[in-house]
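S.K.: Mind docking chains F and G on chain A? Use the hints.
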Amino acid sequence: MNRRKFEETFFKLLMLACLGTVVGSLVAIIAVIAWRGLPALDLAMVTQTPKGGFYLGKEGGILNAIVGSVYLGVGATAVAFVISLPVALYLQREYTRRAWLTGFIRLLLDVLWGIPSIVYGAFGFVVMLYFGMRVSLLGGILALALLEIPILTRSMDEVIRTVSSDLRDASYALGATRWETAIKVVIRQTLPGILTAVLLAFGRGIGDAASVLFTAGYTDRIPTSIFEPVASLPLAIFFQLGTPFPEVQDRAYASATILVALMLLISLSSRLLLKRLTKYVAK
Amino acid sequence: MFGRRFADLLATKFMVVMVALVVSIVLFVGIGLFLKSLPILGSHPLNELLFTTSWKPSKGEFGFLPFIMGTVWVTALAGAIAVPISLLTALYLAEYAPERVRATVKPMVDLLAGIPPVVYGVWGILALSAGGISIGFNVLAGGIVLAIMVIPVVTAIAEEVFRTVPKDVKEASLCVGATQWETAKHVVIRSSLAGVAAAIILGFSRAFGETMAVLMVVGNIARIPSSIFDAAYPLPALIANNYGEVMSVPLYDSALLFAALLLFVVILLFNVIARLVLLRVQRGVA
Amino acid sequence: MIIAPVAITSHNTVPGNGHLNGHRIDIRGLNVSADGHTLLDDVTFSIPDRQITAIIGPSGSGKTTLLRCINRLVDSTGGLKVLGEIWVDGENVFGPKVDVTAIRKKIGLISQRPSPLPMSIFDNVAFGPRIHGTRNRSQLSEIVEECLRTTGLWEEVKDRLRAPASRLSIGQQQRLCLARSLAVRPEIILCDEPTSALDPVSAQNIEKKLVELKSDYTIVLVTHILRQARRLADYLVFMYGGELVEHGPARQVFESPEEPRTRSYIGGEIS
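Chains as they are written, first to last, in this note's numbering: chain A, 749 to 1031; chain F, 17 to 302; chain G, 225 to 495.
If we strip away everything but chain A, and leave its shape as in the complex, we get (with noise of 0.2 Å):
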C-alpha cells in the first residue's frame, strides 16, 4: 500500500506542477509584458499616429495601429457575421434533415479552423494579385474575414443548438415561418452566447498578424478608404520591435501592453456580457 500511496501522492504533485506552469505562464506573460511596456506607456501613444521619425525615436503615437485594428476588426466581423449566422442557422434541423449533411458542413468548419492565418494571407494575397487590387482595409478585412469565419460559425452553432426543440416548435405551432422562428425565437435566446461569439471572434481578428501581413500593407496614416493599406496593432508592434532604437523598441512593448490590455478587456466584457444578458433569456 506504500508503493500505491506514494505513487498517488508523486503523480498528484506533478499535475499541481504542470497546473501551476499553465497559470504561471498567463501571469509571466501578462507580466512581463506590463512590466517592459507600462514604463513606456504615455498618452501620446494613443493618441497620435507616427510623426516623421517615429522609427527613429522621435514623436508620435501608434493611433494609426489602433484605429486600423478597431477598422479591420469591425470589419472583418461584420463580413463574417453576415455569412456565419445563416450557416449557423442552417446547421439546426429545420433546414437539413439530412445528418451527413451537417456533420459533413461542421467538419469542414473544424477543418478551415485549422488551417494557420499565414495560409489565409497568402491566398489572399493570390486573390487580390488575380483581381489587381494593392494591399488594403478590403483585403485585410477580406483575409480576417476568412480566418474568423469558421470561429464564428461553429460558436454560433454551439449555443443555437442549444435551444430546446419545444421552445422552437412552440413557435411553429403558432404558425411562424422558420426565419420568423429563427429571428424571433432562436436568436433572441441566443442573443448573449451570440454576442459573445461576435467578441471572441473580433478579438482574434484583432490580434492577427500573418493574415494581414500580406493583405493589408502597412502605413503610418490613418485609411480614410477602404482602397487605401492600413496599419494594424500586431504589425505596429512586430516593425516597431525590428528597429535598432531601444526607445522604439519599448514603444514596441507599450504597443504589446495595449494589445493585451484590449485583449483582457474583451475576454473581460464577453463574460460579464454572458452572464448578464443570461438573465433575460428562457430556461
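It is possible that part of the hints are untrue.
What the hints assert, rightly or not - Pairs of lysine-lysine, BS3-like flavour, derived with a Cα cap of 25 Å:
#, chain 1, residue 1, chain 2, residue 2
1, G, K330, G, K433
2, G, K382, G, K305
3, F, K122, A, K1023
4, A, K753, G, K438
5, G, K433, G, K382
6, F, K122, A, K760
7, A, K760, G, K321
8, G, K330, G, K432
9, F, K201, A, K760
10, G, K330, G, K305
11, F, K183, F, K122
12, F, K183, A, K760
13, A, K753, F, K183
14, A, K753, F, K122
15, F, K122, F, K201
16, G, K432, G, K305
17, A, K932, F, K29
18, G, K305, G, K321
19, G, K330, A, K753
20, A, K932, A, K1023
21, F, K201, G, K330
22, G, K305, F, K183
23, F, K183, G, K330
24, F, K201, F, K183
What the hints assert, rightly or not - Looking from chain G toward chain F, a few residues come up when the C-beta cut is under 10 Å (computed):
#, residue
25, G246
26, D299
27, V306
28, L307
29, P320
30, V324
31, I327
32, P340
33, F351
34, G352
35, P353
36, R354
37, S405
38, A407
Treat the hints as calculated values from the structure; they're not laboratory data.
Note that the structure is predicted; figures quoted are calculated from it, not measured.
Built from N, CA and C at the ideal position, the CB exists for glycine as well.
M.R.: This is chains F and G only, laid out in the frame that chain A set:
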C-alpha cells in the same frame, strides 16, 4: 401572407448560398495555392524541392528541406513539452480539482489561448531569447513559446474528453479498492485514448501553422538544425519574412506559395483525422 | 422487543457466528445531508453476519445513500456532509486514519447498471487483484477462473477471455461485475438494485448467485422490488424519507410489521 412566405424563402436561399460559399473556401484555397505553385512544380522536380538543402532563389535553387526540418524540430519540441503538461493539467481539472479551482483555471486557459501571437513573440524575446533566461534565438526558444501556445488547445479538448468518462465506471474501479490515481490511470485515460490522440493531433496542427510568435524567436537561419540550441527557419516564417522580395526574383512567389500549399496540405490532413476521431468519440458516448 | 423513542422499531437480531451478537456492520447515528437537505436522518441499526439483509423503501428514502456510506463511496459525491459512525470489525469506516482502499477491498459493491471496465473480460476480473499487488500470471488466471465459475460465467466466456467486456450481454456484464467484486476476496458485498436493469432470466441468475454466496459473505441488498426482498431477505430494513422506520428478521417484518408506514409499503399502498 405572401410577404412572410417570400421573406422565408429569401432567407433560406441566402442561407444556402452562404453555406455553399463556406464549403467551397477549402476548395478555393487549395486550388488557388496549387495553381500558383504550378510554375515551380513545373520547373523543379518534387523530390528536389522537398529534399535538397540549398536555398538560393536568385540562382533558382529552391531546396525546402531546411525549412521543413525547421518546422519539424520546433513542432516536435513544442509537442514534447506541451503534451505531458496539458494532459496532466487536464486530468487534474477533470478528476481532482474542486469546482472552484476548475472555475478559476478554465478561463485562464482560455485567456492563454486568446493572447495574440505577436505578444507571445515579444514575451519570448524579453523572457527567453534576449533577456530573462537568455537562451538565444533558436529551436529551444521557439519550442517553448509554441508549447505555451499549444497547451490551451490540448488541455481544453483533453479535459472535455476526460469528463465524458461515465461516473459509473470510475466508481466501479474505486469499489474494488483502487486509488483515485489508479482509477485515472487505468480507467479514465484508457477510455479516452482516442480523444486524447485527437487533442494531441490538433495541438500539433496549431504548432505547425503558427507564424508570428515563432518567427520572432527562432533565429531564421536556413540550415537544418542539429540541436535545439541551433537556430531554425520554419516554413511559416519563410513565407512571412520574404513576401516583400517576391516580385523581384522569378519563381520566388511560386516557391513561397508552394510552401503555403505544403502547410495547407499537412494541416488539412491533421485536422481531418483529428476531427473524425473526435466525432467518433462523441458519437460513441451518446 | 426494543422500542426506540423515535419511530424506529427493531425486532430481535439473529445471532450469527464469529461476530458480536452476530452483527457484522454496526451503523450508529448516521446523518447525511446535502445543501441543508437531509438524506439520512440519524440511522442506527446493525446488519447481521452471513445473511442477506434487504433494505427496502420508496425512492428517495435514502437506501442508496446508506449503502454508499458503508464502503465510503459517498466520498466521491461532492457537497455531502456525513456524520455518525459505521463500525465493521472493530473499525469505524469514517475514522480519521482509515485506509479507504482497504475498506473497499473488504466491502465490495455492485451497482444497478453493470459497468464493465474498458478492458477485456480477463482484465476486468483481474483488475482488483492486480491493483492490490498480485502480479503472478498463473495466480491471476486461477483467481479469474474461480470467480467466473462462482458467478456461473465461466462456461460462457472461457474461450474469449481476451474479448472486450463491453461485448457481453447485459446479464453477463452484471455477473462479470459480481465476479470482479469477488476477485478481491471481500467479506461483505453491497448490492444496489442489482437486477433492475436486467431481463428476468438474468435477474433470476443473479438472485440465485446471491443466495449461494450468503454462506460465505455478508450481503446487503438495496431493492425496490418487494417480491425480490421476500424471496431473498433474511433480514429486512425499511426506510422512508431518510429515516429508518423498522428493521428485523424478514419473516417477522413481512408478516407482522409494527409500524403503519411499513404496513402501507408492504401492502402496496405506497411505493
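S.K.: Give a verdict on every hint.
M.R.: Against the structure, the hints come out as follows:
1. G:K330 to G:K433: holds, 19 Å
2. G:K382 to G:K305: violated, 45 Å
3. F:K122 to A:K1023: holds, 16 Å
4. A:K753 to G:K438: With Cα atoms ~33 Å apart, K753 of chain A and K438 of chain G exceed 25 Å; violated.
5. G:K433 to G:K382: holds, 19 Å
6. F:K122 to A:K760: holds, 19 Å
7. A:K760 to G:K321: holds, 20 Å
8. G:K330 to G:K432: holds, 22 Å
9. F:K201 to A:K760: holds, 12 Å
10. G:K330 to G:K305: Given pair K330 of chain G, K305 of chain G holds - Cα atoms ~24 Å apart, limit 25 Å.
11. F:K183 to F:K122: Holds - the C-alpha atoms of K122 of chain F and K183 of chain F are around 21 Å apart, at most 25 Å.
12. F:K183 to A:K760: Satisfied, since the Cα-Cα distance of roughly 20 Å is no more than 25 Å.
13. A:K753 to F:K183: Since the Cα atoms of K753 of chain A and K183 of chain F sit roughly 23 Å apart, the hinted pair holds (cutoff 25 Å).
14. A:K753 to F:K122: Violated: K753 of chain A and K122 of chain F sit about 28 Å apart, past 25 Å.
15. F:K122 to F:K201: Holds, at about 22 Å.
16. G:K432 to G:K305: violated, 37 Å
17. A:K932 to F:K29: holds, 19 Å
18. G:K305 to G:K321: Satisfied, since the Cα-Cα distance of roughly 18 Å is no more than 25 Å.
19. G:K330 to A:K753: Holds, at roughly 18 Å.
20. A:K932 to A:K1023: Holds, at roughly 21 Å.
21. F:K201 to G:K330: Given that 25 Å is the threshold and the Cα spacing comes to 22 Å, the pair holds.
22. G:K305 to F:K183: holds, 20 Å
23. F:K183 to G:K330: holds, 22 Å
24. F:K201 to F:K183: Holds: K201 of chain F and K183 of chain F sit about 15 Å apart, inside 25 Å.
25. G246: violated, 26 Å
26. D299: holds, 8 Å
27. V306: Nearest chain F Cβ about 16 Å off; hint violated.
28. L307: Violated: closest Cβ of chain F sits about 21 Å from L307 of chain G, beyond 10 Å.
29. P320: violated, 18 Å
30. V324: holds, 8 Å
31. I327: holds, 8 Å
32. P340: holds, 8 Å
33. F351: holds, 6 Å
34. G352: Where the cut-off is 10 Å and the nearest Cβ of chain F is about 4 Å from G352 of chain G, the hint holds.
35. P353: This interface hint holds because 9 Å falls under the 10 Å limit.
36. R354: With Cβ-Cβ at 9 Å, under 10 Å, it holds.
37. S405: S405 of chain G check passes; min Cβ-Cβ to chain F is 7 Å, inside 10 Å.
38. A407: Interface hint status for A407 of chain G: holds (7 Å vs cutoff 10 Å).
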